[in-house]
Amino acid sequence: MQADVIFAGFGGQGVLFAGQVLAFAAMDAGHDVTWMPSYGPEMRGGTANCTVVIADEEIGSPTVKHPKAAVVMNLPSLDKFEPLVTPGGVLIVNSSLVNRDPARTDIIWLMIPAQEIAEMIGPRRLLNMVMLGALLDKLPILPLKDIKISLSAHLPERHKKLLKSNLDALDQGAAFSRGELKVEKVTSSAQEPTRTIAPTSV
Amino acid sequence: MQADVIFAGFGGQGVLFAGQVLAFAAMDAGHDVTWMPSYGPEMRGGTANCTVVIADEEIGSPTVKHPKAAVVMNLPSLDKFEPLVTPGGVLIVNSSLVNRDPARTDIIWLMIPAQEIAEMIGPRRLLNMVMLGALLDKLPILPLKDIKISLSAHLPERHKKLLKSNLDALDQGAAFSRGELKVEKVTSSAQEPTRTIAPTSV
Amino acid sequence: MDNIMRTEVQTVYSRPPSLSQTPTHYCPGCTHGIAHRLIAEVLDEMDIREKTIGVAPVGCSVFAYNYFTFDWVEAAHGRAPAMATGIKRVLPDRFVFTYQGDGDLASIGMSEIMHVAGRGENITVIFINNAIFGMTGGQMAPTSLPGQKTTTSPNGRDVETMGYPLHMSEVLSRMDGAGYVVRRSLHDPKNIRLAKKAIRTAFETQKRGLGFSMVELLSTCNTNWGMTVQESLTWLEEHMIPMYPIQDFKVSSGLDGFKV
Amino acid sequence: MDNIMRTEVQTVYSRPPSLSQTPTHYCPGCTHGIAHRLIAEVLDEMDIREKTIGVAPVGCSVFAYNYFTFDWVEAAHGRAPAMATGIKRVLPDRFVFTYQGDGDLASIGMSEIMHVAGRGENITVIFINNAIFGMTGGQMAPTSLPGQKTTTSPNGRDVETMGYPLHMSEVLSRMDGAGYVVRRSLHDPKNIRLAKKAIRTAFETQKRGLGFSMVELLSTCNTNWGMTVQESLTWLEEHMIPMYPIQDFKVSSGLDGFKV
Amino acid sequence: MPVKGWIEVDEIFCKGCELCINECPQHVMALDMERLTPKGYHPVILTKDGCTGCGICAIICPEAALSVFREAPVKTAKTATPVP
Amino acid sequence: MPVKGWIEVDEIFCKGCELCINECPQHVMALDMERLTPKGYHPVILTKDGCTGCGICAIICPEAALSVFREAPVKTAKTATPVP
Amino acid sequence: MAKEFLEGNFAMAEAAVRAGVEAYFGYPITPQTELLEWMSSRMPELKRVFLQAESEVAAINMVYGAACTGSRVMTSSSSPGVSLMMEGLSYIAGTEVPMVLIDVVRGGPGLGNIAPSQGDYNQLVHGGGHGDYHPIVLAPASVQEAIDLTVLAFDLAEKYRNICMVMADGSIGQMMEPAELPEMRPLRTTTPDWATDGCLNRDQRILTSILIDPTLEEVYNHKILNTWYRIQANEVRYKEYYLDDAEFVVIGFGTAGRIALTAVRNARAEGIKVGLFRPISLSPFPFPQIEELVESTQGILVTEMNTGQMLEDVKMAVKGRVPIEFYARLGGIVPYPDEILGEIRRLAHEPRSPDGDPRARWMQRLKDGVITLS
Amino acid sequence: MAKEFLEGNFAMAEAAVRAGVEAYFGYPITPQTELLEWMSSRMPELKRVFLQAESEVAAINMVYGAACTGSRVMTSSSSPGVSLMMEGLSYIAGTEVPMVLIDVVRGGPGLGNIAPSQGDYNQLVHGGGHGDYHPIVLAPASVQEAIDLTVLAFDLAEKYRNICMVMADGSIGQMMEPAELPEMRPLRTTTPDWATDGCLNRDQRILTSILIDPTLEEVYNHKILNTWYRIQANEVRYKEYYLDDAEFVVIGFGTAGRIALTAVRNARAEGIKVGLFRPISLSPFPFPQIEELVESTQGILVTEMNTGQMLEDVKMAVKGRVPIEFYARLGGIVPYPDEILGEIRRLAHEPRSPDGDPRARWMQRLKDGVITLS
Ligand SMILES: Cc1ncc(C[n+]2csc(CCOP(=O)(O)OP(=O)(O)O)c2C)c(N)n1
Ligand SMILES: Cc1ncc(C[n+]2csc(CCOP(=O)(O)OP(=O)(O)O)c2C)c(N)n1
Ligand code: SF4
Ligand code: SF4
Ligand code: SF4
Ligand code: SF4
Ligand code: SF4
Ligand code: SF4
Ligand SMILES: [Mg+2]
Ligand SMILES: [Mg+2]
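From first to last, the protein sequence lines are chains A, B, C, D, E, F, G and H.
Residue numbers in the first sequence follow the numbering used here, run continuously in steps of one, and reach 202 at the last position.
Residue numbers in the second sequence follow the numbering used here, run continuously in steps of one, and reach 202 at the last position.
Residue numbers in the third sequence follow the numbering used here, run continuously in steps of one, and reach 260 at the last position.
Residue numbers in the fourth sequence follow the numbering used here, run continuously in steps of one, and reach 260 at the last position.
Residue numbers in the fifth sequence follow the numbering used here, run continuously in steps of one, and reach 84 at the last position.
Residue numbers in the sixth sequence follow the numbering used here, run continuously in steps of one, and reach 84 at the last position.
Residue numbers in the seventh sequence follow the numbering used here, run continuously in steps of one, and reach 374 at the last position.
Residue numbers in the eighth sequence follow the numbering used here, run continuously in steps of one, and reach 374 at the last position.
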């Protein structure tokens with residue numbers, strides 16, 4: 001197996017952690033895996049992304065130009081990664097912050113109001129797990145239950161009380177992807193970055 | 001013409017300046033010339049020497065292993081440079097501080113009580129000019145009068161009042177070398193270094 | 001008597017021309033921005049914008065130069081005072097100032113700041129003391145308070161092993177080259193007004209050639225202190241000021257009679 | 001009553017065992033040698049020679065290690081305090097001291113000395129202030145006096161352009177990590193006795209874990225001052241002491257009751 | 001008679017940090033939760049009458065996002081100086 | 001009755017700097033102009049009687065070249081300690 | 001020990017801990033700060049020494065001091081901070097005390113940026129401090145290798161009384177991978193016979209880098225040069241991939257090397273017989289191994305995240321006997337495998353010549369728009 | 001101007017003065033102190049800036065600041081002091097401001113000693129600060145050349161907005177020779193259009209070495225690399241002696257080069273057809289010229305006062321096509337012409353092979369006592 005997924009969005013949207021959860025699960029499932037972060041040049045509120053590569057042989061590059069899948073949480077990330085997903089690949093878009101549909105026809109894409117779904121379950125920042133759930137439905141590299149086991153094992157102690165809602169978020173994301181969940185997109189227009197990122201450090 | 005002379009002694013004996021005077025004169029006479037100092041590893045009261053190379057083409061090395069002449073002002077310098085003078089070369093030895101004659105027979109050497117001669121003229125530190133005078137008698141690379149002109153021109157302003165005695169010292173050194181001056185060696189045995197040198201600096 | 005009062009629109013405040021139109025990258029509520037604004041106001045009031053050269057540090061304010069409209073250079077971490085010295089010595093009629101954080105000035109840049117003070121280098125230093133390395137994500141600074149938790153003092157600063165808070169204004173004011181050294185704070189409007197007066201006086205010190213001038217500004221870092229903006233102001237007031245009193249440490253007699 | 005007085009030979013003074021049998025390279029009459037001797041006497045009296053590690057500077061005393069019989073390391077110019085920190089941190093039960101000149105400590109090594117004092121690093125510093133860079137042939141030091149002629153202040157130190165003399169003991173004693181900071185002089189037997197007591201107290205400070213201890217010793221450099229040995233003692237007394245008063249700047253309360 | 005004042009918020013700069021809100025002696029400021037600035041913050045606005053044009057909000061604003069104006073009797077009018 | 005004292009000069013170390021000579025309260029020291037040390041200095045010597053063994057010369061000697069002894073009444077004799 | 005999912009910076013820190021590091025001195029700088037931060041909590045917990053120095057200059061001199069006592073000691077930094085350590089490193093080399101430095105390299109020169117780079121190759125491998133000395137430099141290409149090489153670094157440093165550096169480009173510091181940490185080693189119980197730890201029951205020891213007499217300094221220079229030749233003979237490390245039948249060879253180290261691995265696999269899938277040679281010890285550089293490669297190779301592609309600093313060493317080994325091409329991304333940019341694949345194709349399919357300057361050709365391609373940077 | 005009998009350190013200082021240096025910042029260190037001391041009296045006399053900095057770190061950053069104003073500015077130091085300037089130099093390279101550094105090299109590593117050496121070749125030419133940049137490095141072999149190259153250094157620095165260094169081994173600094181100083185140039189009257197000297201009647205200017213966006217840093221890296229290629233194309237300098245009919249070539253720079261000249265003459269006197277190639281610009285290195293030499297040469301002797309740092313560059317140019325031998329004195333020792341003559345004889349008369357490591361052979365000869373050091 002070889003799969004590569006890019007998670008991209010504003011810093012603070014849980015982009016990096018979503019990638020880590022996937023990577024944990026891949027490792028627990030016995031695959032080789034790399035997780036590589038990348039930060040945009042903006043000083044704060046800027047973009048961040050991470051690339052997860054999963055394979056069964058020693059992984060060469062931890063970066064890929066054309067990922068099998070991309071999970072994008074804001075418009076700049078959609079603009080950047082939509083053209084790059086390999087034909088036949090998967091693109092999961094956070095429709096809560098993105099107003100346009102992808103234009104590609106040679107890939108599978110999903111617009112998911114991840115923020116609204118998250119807020120149905122708990123805090124808005126669960127949106128990353130919602131999107132991960134949706135991804136795994138569209139690109140079943142690992143069974144959702146493996147992800148859940150890994151998440152339970154690796155969630156930092158101080159967040160353990162949020163475990164249940166994280167698991168729910170995964171489920172709801174997958175459910176939405178399967179068409180089993182209908183959600184109204186409520187938040188209007190503009191993108192709202194989170195505000196907890198310190199300047200890039202030099 | 002190509003000539004190379006090493007002046008060696010304790011720091012403070014005017015070794016470096018004697019070489020400079022010769023170099024000045026060589027330059028004024030239109031030769032190419034280099035003056036290169038070297039300091040012993042001792043921190044103070046140590047040895048110092050300088051090599052003067054005079055030539056009529058672009059000078060390569062400013063150092064020579066086997067100089068045409070050596071002017072040595074103390075015993076360690078005699079020990080070091082006696083074996084190195086080229087056969088047929090000249091060795092001038094400050095007998096005021098050196099108790100033994102050179103052993104070489106294939107060179108011209110002179111034991112000169114430079115300190116006593118200096119003290120006849122003025123301060124003991126004129127001994128370097130005494131020895132230079134003797135050298136130029138034994139190795140007439142430049143006429144003594146050229147040396148005198150150069151010395152007059154290059155003696156630092158603050159020492160100008162000593163010009164006359166410096167010139168005398170040159171003359172007396174040459175005179176001694178020619179056998180025209182008889183001097184009793186009065187200072188006894190031990191070597192007395194001067195004491196004005198600060199530690200080697202790192 | 002007909003008492004008709006005519007009125008007119010007055011501009012009480014508007015963005016000073018020395019500030020550029022670039023939004024800062026600072027975290028919302030970070031008081032670095034206040035310090036920037038005060039500098040701009042002072043330069044404009046003194047009408048010396050075109051004669052001023054700023055020296056930016058390495059720290060959160062590394063991009064300070066983007067937020068002003070006059071010339072700037074960007075120094076190596078801690079070396080802004082040396083760079084400012086180089087500039088001031090060749091251009092003695094320009095106004096030269098450094099803008100430095102506490103990591104920059106009090107940790108790696110200790111030698112340079114001490115020596116410009118000792119030499120009475122005729123430059124101005126704006127020293128932002130936020131008791132932390134902001135830019136690199138909240139490590140301990142020499143100015144961090146005893147017990148303060150940072151990412152390199154995870155159990156709180158233990159003065160026995162990690163050292164005592166450094167009082168840079170106190171120390172620098174002892175140098176004979178110091179013309180004006182004071183500490184101010186940016187946590188409320190009253191103190192901000194005083195801070196501005198101090199900055200004005202510091203540049204006056206430079207103008208009069210009275211030697212080294214420095215304004216230390218107590219500043220917040222809500223992000224790395226792990227607080228809300230409002231909490232950070234309170235923390236500054238309650239914890240930093242007792243350790244770092246707001247005070248004039250050195251005021252050259254050459255400033256006698258100078259009023260802002 | 002038959003009053004026959006029996007007598008016996010007493011050794012009033014003999015070369016301390018902590019000094020090696022190597023003659024120093026110092027110029028005759030240089031007071032560096034006195035400082036060496038005092039350190040040796042103190043270590044022998046405290047019987048800690050075998051537990052002591054010296055850190056030599058770059059300066060005339062660069063070869064200090066040759067003149068003692070215990071372990072030494074040789075630091076980069078100005079960095080002796082950092083090196084001593086490294087040693088003391090891994091060997092906290094050893095006595096670690098630096099021996100530094102004024103160029104080493106107050107010029108290039110400013111940052112390191114300030115920070116060991118700030119951290120209250122439990123080391124001892126013997127600071128030889130001779131108001132000049134001795135080793136490199138007499139350049140101006142940060143401690144050179146106003147008007148003092150040196151090879152880099154040929155017309156005398158002009159404080160306006162070359163800066164003011166730095167008072168290191170005064171400054172360092174303000175650091176909260178300082179346990180014992182005093183200035184003494186080596187120009188006559190009385191002051192030498194006081195200097196020795198201070199060195200003894202400094203090592204006691206280290207023994208008791210009271211933090212940073214430093215003894216600044218006013219010292220001569222007849223060679224680079226261009227004076228005879230005797231003139232240099234007089235110059236020290238008449239010119240240096242007024243600028244650098246012999247004084248206790250910080251004595252930790254942990255030393256209360258300690259008598260030498 | 002209280003002086004009438006008002007502010008202008010430059011939304012390019014405002015980061016919704018609320019510093020001004022907390023300092024306004026008239027308590028007439030708040031974040032506009034309906035709107036987002038280009039950088040994605042809720043900007044500050046005047047929520048009621050009562051602004052005196054005292055300028056305190058501008059003094060604390062780290063982003064120099066605020067301009068402050070007031071209507072004042074003509075006789076005291078000076079040339080506008082940007083000094084709060 | 002003045003105590004009788006004397007000094008020993010280690011010529012390996014003495015540099016003839018004259019510091020001791022100038023400090024000796026009894027003025028009994030001088031350089032020996034007849035002799036040179038291995039390093040080429042005139043060493044110090046006692047030139048007359050009168051040394052009290054006060055140790056002051058040793059206190060100022062930068063080269064630790066001097067040992068100082070004295071003859072003292074037995075009852076006060078302590079173990080010799082090298083403390084001036 | 002089981003595999004864990006570890007970040008490179010953290011992994012190197014913990015590897016050093018388990019290798020028995022007794023003291024860490026350092027100063028924060030991105031992108032290695034996590035290493036220092038982990039040390040700040042971990043070392044005190046184990047009653048070992050952690051100290052945040054006031055600067056990199058102080059840090060390296062603290063390391064110098066602690067190393068003189070025979071302790072296992074290290075520091076870490078990133079490019080500008082490493083530049084500040086050059087005097088100290090030269091002193092350490094001049095004193096033959098062992099120590100480990102980890103440089104998590106970022107984009108430069110100057111303040112540059114904080115993105116991954118390999119721009120410090122020359123500084124670490126060839127130049128750096130003044131005078132003649134040679135540090136050992138190891139370049140990991142994965143988190144596991146970062147762990148293993150960190151442990152090895154201590155052993156080599158002590159074996160040869162030499163500086164040993166780990167050159168981790170920023171990506172290695174910040175990426176996460178499954179990796180296995182070693183068992184915790186017991187701490188050193190003996191003290192080397194040169195250490196200055198107080199002369200109890202023995203003669204004085206002195207550790208210094210001064211040899212004021214040039215004849216002694218010359219002897220010392222010969223001595224450490226001989227040590228260097230021993231290191232060259234014994235400590236060359238590298239990894240080969242698909243070289244058995246390779247007609248073309250890609251050479252790259254660290255992250256550039258592992259990215260090239262993907263490109264090589266993809267090229268193989270296209271039928272190009274290409275292999276990868278990945279130097280692990282940059283110093284000593286695998287000159288003999290590359291010389292040998294030349295025999296069986298039709299062309300070499302060197303790929304780096306700098307302007308061709310290792311390229312010079314490859315050229316030195318190749319001596320103009322086979323064509324070399326060069327491809328690089330600079331200033332903090334990490335290349336994609338596709339870019340390198342494109343270069344492999346060019347190497348395999350276009351005319352080649354052993355002459356000329358591979359870097360100049362690369363610059364020309366950039367200028368001509370043959371290469372477009374993404 | 002007439003020839004005067006000048007000491008190298010003094011001559012370089014006065015040459016800088018006459019080339020119009022406006023500001024000097026430095027810190028004392030042997031063997032360059034006389035340079036600084038001359039500046040301390042000369043510059044104030046001319047109402048220019050002299051400042052004794054508190055350290056080399058401060059000195060280089062003062063230079064950086066003054067250079068940003070468009071002033072002609074310099075510093076000087078010796079090996080350990082130069083190591084402390086590495087961060088600053090990298091910043092300067094990252095900002096493209098011109099400046100001149102004179103390094104009067106002494107024996108190292110570490111504190112070493114104060115005798116003449118060429119041990120900083122790698123530091124100045126190849127490594128040094130972090131990141132990708134290339135200083136110009138000029139190596140005088142006489143006092144006259146020291147003067148001429150000092151003047152040239154300012155011109156090149158400004159022409160290319162590049163760091164320009166003069167690498168003078170300690171002998172050049174301390175020897176005296178007849179030499180001619182240039183006329184006093186008038187001081188600069190214009191200010192370059194990038195200088196930050198206050199924005200009177202113009203827009204803001206910023207000088208910085210940060211490019212936080214790697215794509216911009218990459219562009220910057222390309223830019224300075226292109227500058228470097230321009231420098232390589234235009235600024236190679238060297239001097240040839242007796243090469244017309246030479247069968248053997250000695251290559252050496254600075255003092256080692258001029259000492260070799262005597263050896264070459266003596267060898268010619270013995271009938272050995274040998275010439276001398278003396279690189280003057282060490283960076284850019286005369287690669288093409290040496291490559292060309294290879295055509296007509298049967299053997300090359302490289303001689304240096306370091307462990308063979310330039311040897312590597314010569315090997316790079318020679319590409320194994322002719323035999324190379326190596327001879328060096330280290331740690332502050334200046335070789336005698338006789339020693340080099342002996343090596344020329346060996347080269348001419350003993351079997352030669354282009355293979356193997358010239359340095360290893362030299363070490364072997366030392367070990368075997370074939371070479372005896374005096
Ligand atoms: C030589 C060097 N060392 C370390 C760093 C990393 N660094 C950047 S900013 C900084 C500290 C900034 O703290 P401070 O000066 O207090 O500024 P703040 O961000 O708090 O305003 C550090 C350590 C660097 N860029 N260069
Ligand atoms: C990095 C570095 N810079 C400069 C020097 C040259 N240097 C050696 S000692 C010294 C000054 C010594 O003066 P001080 O510390 O006062 O000691 P003193 O000789 O007066 O006892 C200098 C500048 C050096 N060795 N290393
Ligand atoms: S990290 Fe702290 S200092 Fe930096 S911008 Fe944010 S709040 Fe301000
Ligand atoms: S130069 Fe000065 S400090 Fe150095 S040994 Fe001589 S007198 Fe002492
Ligand atoms: S203080 Fe300024 S930035 Fe903050 S909310 Fe008010 S206007 Fe906006
Ligand atoms: S000017 Fe004064 S009253 Fe008006 S909004 Fe601002 S702070 Fe409030
Ligand atoms: S003080 Fe010491 S060195 Fe000086 S003359 Fe007296 S015994 Fe000799
Ligand atoms: S012991 Fe006292 S009296 Fe005797 S020589 Fe010494 S100083 Fe003079
Ligand atoms: Mg800070
Ligand atoms: Mg001194």
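Any given hint might turn out to be false.
Simulated crosslink set (DSSO-like; lysine-lysine; CA at most 27 angstroms straight-line) [what the hints assert, rightly or not]:
(1) A:K65 / G:K367
(2) F:K48 / D:K259
(3) G:K3 / A:K145
(4) H:K239 / D:K149
(5) B:K160 / D:K190
(6) A:K161 / A:K68
These aren't lab readings, by the way, just hints derived from the structure by calculation.
Do the hints match the structure? See the list:
{"no.": "1", "hint": "A:K65 / G:K367", "verdict": "holds (23 angstroms)"}
{"no.": "2", "hint": "F:K48 / D:K259", "verdict": "violated (38 angstroms)"}
{"no.": "3", "hint": "G:K3 / A:K145", "verdict": "holds (21 angstroms)"}
{"no.": "4", "hint": "H:K239 / D:K149", "verdict": "violated (44 angstroms)"}
{"no.": "5", "hint": "B:K160 / D:K190", "verdict": "violated (45 angstroms)"}
{"no.": "6", "hint": "A:K161 / A:K68", "verdict": "violated (33 angstroms)"}
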